[in-house]
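Here the protein sequences come in this chain order: A and B. Going by the working numbering, 359 is the number at position 359 of the first sequence; the sequence numbering is gapless. Going by the working numbering, 48 is the number at position 48 of the second sequence; the sequence numbering is gapless.
Just to be clear, a hint being listed does not mean it is correct.
Below are the SDA-like pairs computed for lysine to any residue, each with C-alpha atoms no more than 25 Å apart in a straight line [said to hold, decoys possible]:
#1 51(B) to 237(B)
#2 598(B) to 564(B)
#3 598(B) to 294(A)
#4 62(A) to 220(B)
#5 598(B) to 18(A)
#6 225(A) to 591(B)
Hints were generated in silico from the structure; no laboratory data involved. Just so it is clear, the structure is predicted and the values come from calculations on it, not from any experiment.
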Amino acid sequence: MADAFILDAVRTPRGRGKPDGSLHEVAPVELAATSLRALRTRNHLKTTAVEDVAIGCVDAIKDEAGIGRWSVLAAGFDERVPAVVLNRYCGSGLEAVNLIGAKIMAGQIDLGVGGGVEHMSRNPMGASGFAPATDPLLAADFHFVPQGISADLIATRYGFSRRQLDGYAAESQRRAKGAWDAGYFAKSVVPVVDRNGLTILDRDEHLRPESTADSLGKLEPAFAKVAKLAGFDRVILQRYPEIEQLQFFHHAGNSSGIVDGSAMVLLGSRTGAEQAGLKPRARIRSFSAAAEDPTIMLTAPAEACRIALKRAGIGVADVDLWEINEAFAAVPLFFMMDLGLAPDIVNVNGGAIAMGHPLGATGAIILGTLLDELERRNQAVGVATLCVAGGMAVATVIERV
Amino acid sequence: MATHLTSDVSADGIATLTWNCPGKTPNVFNDASLAEFFAAIHDSLGNPAVKGIIIASAKADFIVGADLTMLLAAKHQTRAQFFDGVLRLQKAFRQLETGGKPVVAAINGTAVGGGFELAMSCHARVVADDPALRVGLPECSLGLLPGAGGTQRMPRLIGAREAIGLITQGKTISAKKALELGLITEIVSKDQLLARANQLVRTIEAVQPWDKKGFRVPGGEVHSPAGAETFTGANAMMTRETWGNYLAPRLATYAIYHGLQLPIEAGCLVETRGFVELVFNPLSQNMVRTLYFSMNDAKRLKNRPKGVPTAEYRKIGVLGAGLMGHGIAHAAATSGIDVTLLDIDLPAAARGKERIGAILTDAVKKGRMTEANARAALDRVTPTASFDDLKDAELIVEAVFETRELKYDMTKKTEAVISPSVIFGSNTSTLPISGLAEASRRPDQFIGLHFFSPVEKMPLVEVILGAKTSEETLAKSLDFVKAIGKTPIVVRDGRAFFTSRVFGTYLVEGIAMLAEGVHPALIDNAGRLAGMPMGSLTVADMVNLDLSHKIRLQTKADLGDKYRAHPADDVVDLMVSHGRLGQKAKAGFFDYADDGTKRLWPDLTTHYPPVADQPSLAMVKRRLLHIQAIETLRCLEEGVLTRPQDADVGSILGWGFCPFYGGVASYIDYVGPKQLEAECDDLADKHGERYRPSALLRQLARDGATLYPS
Numbered sequence: 001m002a003d004a005f006i007l008d009a010v011r012t013p014r015g016r017g018k019p020d021g022s023l024h025e026v027a028p029v030e031l032a033a034t035s036l037r038a039l040r041t042r043n044h045l046k047t048t049a050v051e052d053v054a055i056g057c058v059d060a061i062k063d064e065a066g067i068g069r070w071s072v073l074a075a076g077f078d079e080r081v082p083a084v085v086l087n088r089y090c091g092s093g094l095e096a097v098n099l100i101g102a103k104i105m106a107g108q109i110d111l112g113v114g115g116g117v118e119h120m121s122r123n124p125m126g127a128s129g130f131a132p133a134t135d136p137l138l139a140a141d142f143h144f145v146p147q148g149i150s151a152d153l154i155a156t157r158y159g160f161s162r163r164q165l166d167g168y169a170a171e172s173q174r175r176a177k178g179a180w181d182a183g184y185f186a187k188s189v190v191p192v193v194d195r196n197g198l199t200i201l202d203r204d205e206h207l208r209p210e211s212t213a214d215s216l217g218k219l220e221p222a223f224a225k226v227a228k229l230a231g232f233d234r235v236i237l238q239r240y241p242e243i244e245q246l247q248f249f250h251h252a253g254n255s256s257g258i259v260d261g262s263a264m265v266l267l268g269s270r271t272g273a274e275q276a277g278l279k280p281r282a283r284i285r286s287f288s289a290a291a292e293d294p295t296i297m298l299t300a301p302a303e304a305c306r307i308a309l310k311r312a313g314i315g316v317a318d319v320d321l322w323e324i325n326e327a328f329a330a331v332p333l334f335f336m337m338d339l340g341l342a343p344d345i346v347n348v349n350g351g352a353i354a355m356g357h358p359l360g361a362t363g364a365i366i367l368g369t370l371l372d373e374l375e376r377r378n379q380a381v382g383v384a385t386l387c388v389a390g391g392m393a394v395a396t397v398i399e400r401v
Numbered sequence: 001m002a003t004h005l006t007s008d009v010s011a012d013g014i015a016t017l018t019w020n021c022p023g024k025t026p027n028v029f030n031d032a033s034l035a036e037f038f039a040a041i042h043d044s045l046g047n048p049a050v051k052g053i054i055i056a057s058a059k060a061d062f063i064v065g066a067d068l069t070m071l072l073a074a075k076h077q078t079r080a081q082f083f084d085g086v087l088r089l090q091k092a093f094r095q096l097e098t099g100g101k102p103v104v105a106a107i108n109g110t111a112v113g114g115g116f117e118l119a120m121s122c123h124a125r126v127v128a129d130d131p132a133l134r135v136g137l138p139e140c141s142l143g144l145l146p147g148a149g150g151t152q153r154m155p156r157l158i159g160a161r162e163a164i165g166l167i168t169q170g171k172t173i174s175a176k177k178a179l180e181l182g183l184i185t186e187i188v189s190k191d192q193l194l195a196r197a198n199q200l201v202r203t204i205e206a207v208q209p210w211d212k213k214g215f216r217v218p219g220g221e222v223h224s225p226a227g228a229e230t231f232t233g234a235n236a237m238m239t240r241e242t243w244g245n246y247l248a249p250r251l252a253t254y255a256i257y258h259g260l261q262l263p264i265e266a267g268c269l270v271e272t273r274g275f276v277e278l279v280f281n282p283l284s285q286n287m288v289r290t291l292y293f294s295m296n297d298a299k300r301l302k303n304r305p306k307g308v309p310t311a312e313y314r315k316i317g318v319l320g321a322g323l324m325g326h327g328i329a330h331a332a333a334t335s336g337i338d339v340t341l342l343d344i345d346l347p348a349a350a351r352g353k354e355r356i357g358a359i360l361t362d363a364v365k366k367g368r369m370t371e372a373n374a375r376a377a378l379d380r381v382t383p384t385a386s387f388d389d390l391k392d393a394e395l396i397v398e399a400v401f402e403t404r405e406l407k408y409d410m411t412k413k414t415e416a417v418i419s420p421s422v423i424f425g426s427n428t429s430t431l432p433i434s435g436l437a438e439a440s441r442r443p444d445q446f447i448g449l450h451f452f453s454p455v456e457k458m459p460l461v462e463v464i465l466g467a468k469t470s471e472e473t474l475a476k477s478l479d480f481v482k483a484i485g486k487t488p489i490v491v492r493d494g495r496a497f498f499t500s501r502v503f504g505t506y507l508v509e510g511i512a513m514l515a516e517g518v519h520p521a522l523i524d525n526a527g528r529l530a531g532m533p534m535g536s537l538t539v540a541d542m543v544n545l546d547l548s549h550k551i552r553l554q555t556k557a558d559l560g561d562k563y564r565a566h567p568a569d570d571v572v573d574l575m576v577s578h579g580r581l582g583q584k585a586k587a588g589f590f591d592y593a594d595d596g597t598k599r600l601w602p603d604l605t606t607h608y609p610p611v612a613d614q615p616s617l618a619m620v621k622r623r624l625l626h627i628q629a630i631e632t633l634r635c636l637e638e639g640v641l642t643r644p645q646d647a648d649v650g651s652i653l654g655w656g657f658c659p660f661y662g663g664v665a666s667y668i669d670y671v672g673p674k675q676l677e678a679e680c681d682d683l684a685d686k687h688g689e690r691y692r693p694s695a696l697l698r699q700l701a702r703d704g705a706t707l708y709p710s
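Isolated chain B (complex conformation) (with noise of 0.2 Å):
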């Protein structure tokens, strides 16, 4: 008895299977659904009656592709069986292009992985025209290739170049971009899709472009000028845009590259090859688990306090309209919240307003935006200096300078005027929330929501939990957060919390290496070729140096004889004592011209005389990624953070770290805690304490344990 699809054949003997996978999930690829759809495809093809195939969807979506839990728990077959799987997929396919019976698929939303797979097998695809319906090939984004086909069909469709470009790039595009490039047959309304395809189905040639005697690849062939210009360019801009460090798009254009060369069945089976290669590639099932899973958890409030109603904002108040308070007030506005914008007065607060308009007139002007709606949210903002205007707001989010007093300051004018049960959040990168929650007569209403900047940029917000912060205040919080469209990780309090915390060290490291006479080219490469966004040195002079050096007074004056010296404070001294401040100043450990570009200050190798025996790639890699994962193992022993997927989510949306390897805790387990702990034990030796492992460390590794079950 099926249950994902349903099969009729019209009184003129047209099939139309459609998918309708059970219950609230769209419609995926799993071994249930899949033999049902091999069945139903040599039903139909078997069928002296039936004349023609329609495939269609019963969901809002066409088919989305694999179930990727289903690839997740592929680790737990041998590769060969999982190979003779995947090739049946392939087979099923096909039989469809080839079965002599012309395939029409009606798709009626949107059609990524596997399901656009499916319908480039058809001989036609008609496309519902809806501006929301995505098709694509998404999966080297996860660390994994199309398997069914995908790399085969799309560029003997569309040429090797286009399909290199979307496929690498895991790419989706409009249903209009797709009959642009001759990926889809047409684009008709909703409610004509069917008709459309029964009319297609019955006037269409049952033979693939590339089944047809002379077929030529569009763009020409592998080995014509053009076509090694292709993959030549292609090539080395995948290094260029990937460092390197990415297999998936690699493997993808590898099977391109052969399957062009073959017949299109050959070339599955170079594509499959790969396939398997990367499902049981660890890195591969660490993204699929950090950047699907883990983000999709995260976005949805999967670990939010259960029990506590779904608090809904139409109106908050954003204190301070600064670089962080006018992209904050952005993202509430652009989600259809009124906000409240203070600042010190009426001007400051009305330049923040400004700063929000120029963000939404460059969307609009970029097409990410209607005018209209630019409009209705610039008119939700509301500036102002007076703290009587808060009165009304549902939540408050603190964006002012980053000193205690001001903040102290800010929380009673505040809590002065706003209702008693109004959550405060304050938006700090560095100081601890327990102690911000003193100036709080609510410190159980009180919570850190730490966001990044540029604000309308990055997706992150580090939800910082004060001593005495409420499980109801995390919950409503978290509710904001996913209202304005961001994904929060949520952690503990301490200084610098996670984020900052962790991605200082990185910073700081390649300083100190500095000091040691590393050459700095190597340090701020290595750093983009481990797979950081930014070079340590680049970074440092982003964040400019003098606040690197005020915030390490501040920390120094807290800690008092607790602080530890580090290496790099002596670097950043001396930079400072010569004016190079950084970006800013257009001198820091760069010079920075006029046209954008940047060289080595020249006078750096002077004061840190590179040594003669530089350090190998390798090493200066390891030392900037196991720094990293040293502070991150300390957060989790001290609390700070309490989950691995935070740590993942949190590196990856924060600052970027690898996401080839899923995030930072992912890192440690991808090196393995009882290598990591020799290796860092060895660095602690040779170049200081900081990487000396902490308890939690010495445990997994005696335990033969990892972060996440293995």
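In isolation and in its complexed conformation, chain A is listed as follows (with noise of 0.2 Å):
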């Protein structure tokens, strides 16, 4: 089996996902192809030489429908050029990098782009419809609940307080702070620009720094009133009847942010970075999909990653740095406390909750600071990995070279 390494990986800053957001006059295409001419144009690629391209967007509809073979060629790229959206939900962006990784490895292209974006402004979560919400078969079958209550019962099951669940949103603010003050973004973080040249973003626009437990301790929480409106406190009774009262702690200060986003991962065989001239910044070591119950839907990540590790061969012990995606602060809890990790090597430079969560990107968002991050720190092996909608996770381990 071939290696599939990691040659480049860049992003475009997170704009905030409303109407007053800073990219939604952005064309969806533009926004993809942002990353894409990054890649293209630093890396002096000849891009009839990539093979394919795979690119995660959830909501792929209205202008993100069939998004990648148009951003593909609004980036520049040669007209022979093929490109493929996939949708594994808010995982997506992460499964296309494996998609491209694996091509490699099964011997079948040399050199690739794997990413995703999602224009959450124009196209909000669950504009393209959800069916596991409103099909009423599925619904009841499944015992559906949005992903806040999920994140509820995480923290309830778990016994997760409040305080906790704050103290850590307030942490991924400050270190997302400081590592954009220290410069640590600078390397894969591409503005985005008008046709003129003139700069519409070049920073993540959803971090609050101010935030501390105590401000955040403030905020209302967000599920309860859906919650006992319409009876989801009901809902997952039918798979937790050992709860006695759902507690209500998540709140738009301990979530991930609303943004919009994209990010690509250039990828390769040796041959193909020998051929484009580029040194592999890292080697993929192993990938994974898992799956579990549905309803409490955000607890797979911490399977995902046993599953890939014991793909690589390696323990728990061997990763020097994790990024677990910050869809609700009781998911990196969760996760830490499932895998036994001490918080210092987890999302050392903040995550969604501070940067914002655009869902089909984020995948090859974190993978990206990952490895920037293992390469300041001089440190060899990362595992990046997000929960996803259905009860899923995805993950990926890389060891940089």
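Hey, can you piece these two chains together into the complex? The hints should help.
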């Protein structure tokens, strides 16, 4: 089996995913093309060598429908470069990287791009429909509850306090601000510019570095009202009958932000890298997908990591740094508890609570962040993982070369 | 020769199809009536002289839907045959609305189920102004769904949100409400109904809104933000309300959800598939049997002893004006019967009357009763402390405290004044009737009338036959129960009779599990998830633990050596010793806050630490329901119960036992005696002999038989 190497990784800044967000005016194709174009220009790619592009996008409708091929062309790639759009919900960006990695490992391509895009201010979460919530048989048979309530269920079930969750969120903000100020993201973030070359956005705009556990502690829980109004607190009893009373702890301040953004990773075989004249930055050791109960929904990353580590033939202790998507504060807390991880090697530069979670793009974003930080610290092994709707998760293990 | 339907064509070509099913029955859909109706539609649409069609009824009601006997018999067909039959109906309705001729439904009386589905297939619905008239689709309340286009046409008329609410809850509504929602075209006075229908049929367009170009579902398409919110919310609410136990509302909503994304013909196919699935589902068949047939049989006293003239009551006496007494007096007074309400002194009796006044005031406030009727009802109640005032009572209901001595005393004092023909009914929930009858000079006229609290809301009366109670007494007592609007079941004497005895097993089994280390939240939630109206621990708190404690001490004293200790006994003792007496004390298994919320008593898990290996939800549910099944089988075996119908009706109306199974006897058949025997033997080995199957279950299992003939 061939090795798959990461040759480069870039991302756009993340714009607030609302009509007043800086990237709202940017065409979704252009948002994806910005990252692709940066890969092309800064690596002086002969794009005819790029044999496939996989782009994760969850709500791939309207201008994001079939966005792969059109963003490739808009980014100035050769017209002979194909592309695919895939959807593993929040894990799509990492899944796209894994798919391109798998094609390389299987010896079917030598150079490709995996990444993702989500223009949430244009196509908000659920814009393409979500049958497990609306279809009466699916919703009843699989006990659908909104993700925020799943996060509250994790906190209730595993005894995380509101203070712990808010403390985690404040720390994410502190770390993100620190990393930005120290320039740790400079290597990967490329500005979004207009056709005149005028900058539209060059910095994540979702951060609230002034947040503290105390200030977050004052926010009203976001999911209590809907849970009680529609009865989601009773739906969870179908699967978790031992819960006496669901606690409502999550709110906008300890959940991931809604943002617009894209990220792309250039991957190649040894031959592909050589022909492109690029030095591999890391090797993909293994990857995995896992699934558990769709009601609690957000606990599978630990299992995905165990599967991937087993396949790589290494243990939890061999991993230097971890990136787990901060969908909700309870997710990394549960993840660290389950795998027995110290907080100082997990999401060391903050995460989606501070900087936002552009669904289809996030997997590629955190993989790039992980690689940058391994290089900065001169460490070797890192794991990126995300929880995924429906109780799924994806994970990727990389090692610097 | 038509027998269900007449067709008249006017000189200017308006065909009036008048439903008039033979005999006393209301108009219903059955094979014969539908065949005639299809032919009539065919003729009217095919006859060029006919310009418009009016559908009317010669009966008091319009059409009340499908003949349920026919649906129960569907199991003798194949699913494919039944599917084809339903589709013929769907197609006929579709032809009616697309035949190019205007069709008006002249709705003179109640139009429900298939009757209202037919009405919605017409281009206009004109309805008689009658406050008693109801329209709607009640199928889901019997475990079915509207199978003649109701799930398609109703949301196309009024939007998904309203339609889901009405259909899944099986709600019928008044004409006024239907007009507000847009379900009907107009309301006119009854004598103008046909005239107005004749005007409308000459003016309206012969096209349904959904057959016009550019039709939009009111309230938004399924895949719009509003639609997504509607269905996501409705799905969760359905689980909240049904605890996931009812298939019919789910399949009805499924037909609405997909049907609204499809042309109406395809939507009707989705609906029909759901309808066939439900009709062939044994749970739906059980629901129809119990909630429709057995319930109506009980209400109409089908099993009343024959040959005894119907007794009528103008005046009764109620002994005891407390919780039960005032409720019984209220039920009688609102049914037009004068009540002498006796208690220890006049102020006590007057307090009972005041409580009746409070219930009546509340009913007026909620619009369920007119002020005049409420006043008249209250005026019928005469409080007293003098037994002499009972002398002209035609029936006595005794509802004093549950002590034998007091009840003896009451019986003697009352019989001293009442006329010799008067029946003496004792409202006891636990004390054997034959024993109480020993105080009576006329034990053949002594009977148990066990009412449920709160009487004004609970429809059941458990009628208990003492050893010497006569058939005539039973018949006349049943007449009384019917006269006050309640539903009776008849049981034979025995400790706690049927309802309290079986329900009690649910309560103590939950408590026993606590002692085994099952988590209290799991116990209480599993009860609800199993389909019981409340968790065991919640009910135990409501009943109050000191009462359970006292009843047990009484039982122990009565039974002596025969008393079998129950693992719940020690738990109740511990609770009582800690002053955890229940909801009344605001401290039982739960702590009760002033705002009405409750949380488990934190010390509970200290006294009964949950074991690490908790039983599965399925196992806890099984234990909570099987223990009731086993006790019901013992009641049948001992002759306390004689018919499974009484077990089903009594369990649903008495303590809310899982209506979706059709009651506790239907549950036994649904699980199957063979499987029930094996599972109960297993539970007996693990948890105690109380689960051990008795002879009747062993025999049913051996014979491959069921309580109801299959």
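### Task
Any hints from earlier that this structure breaks? Give me their numbers in increasing order, please.
Violated hints: 1, 2, 3 and 5; rest satisfied.
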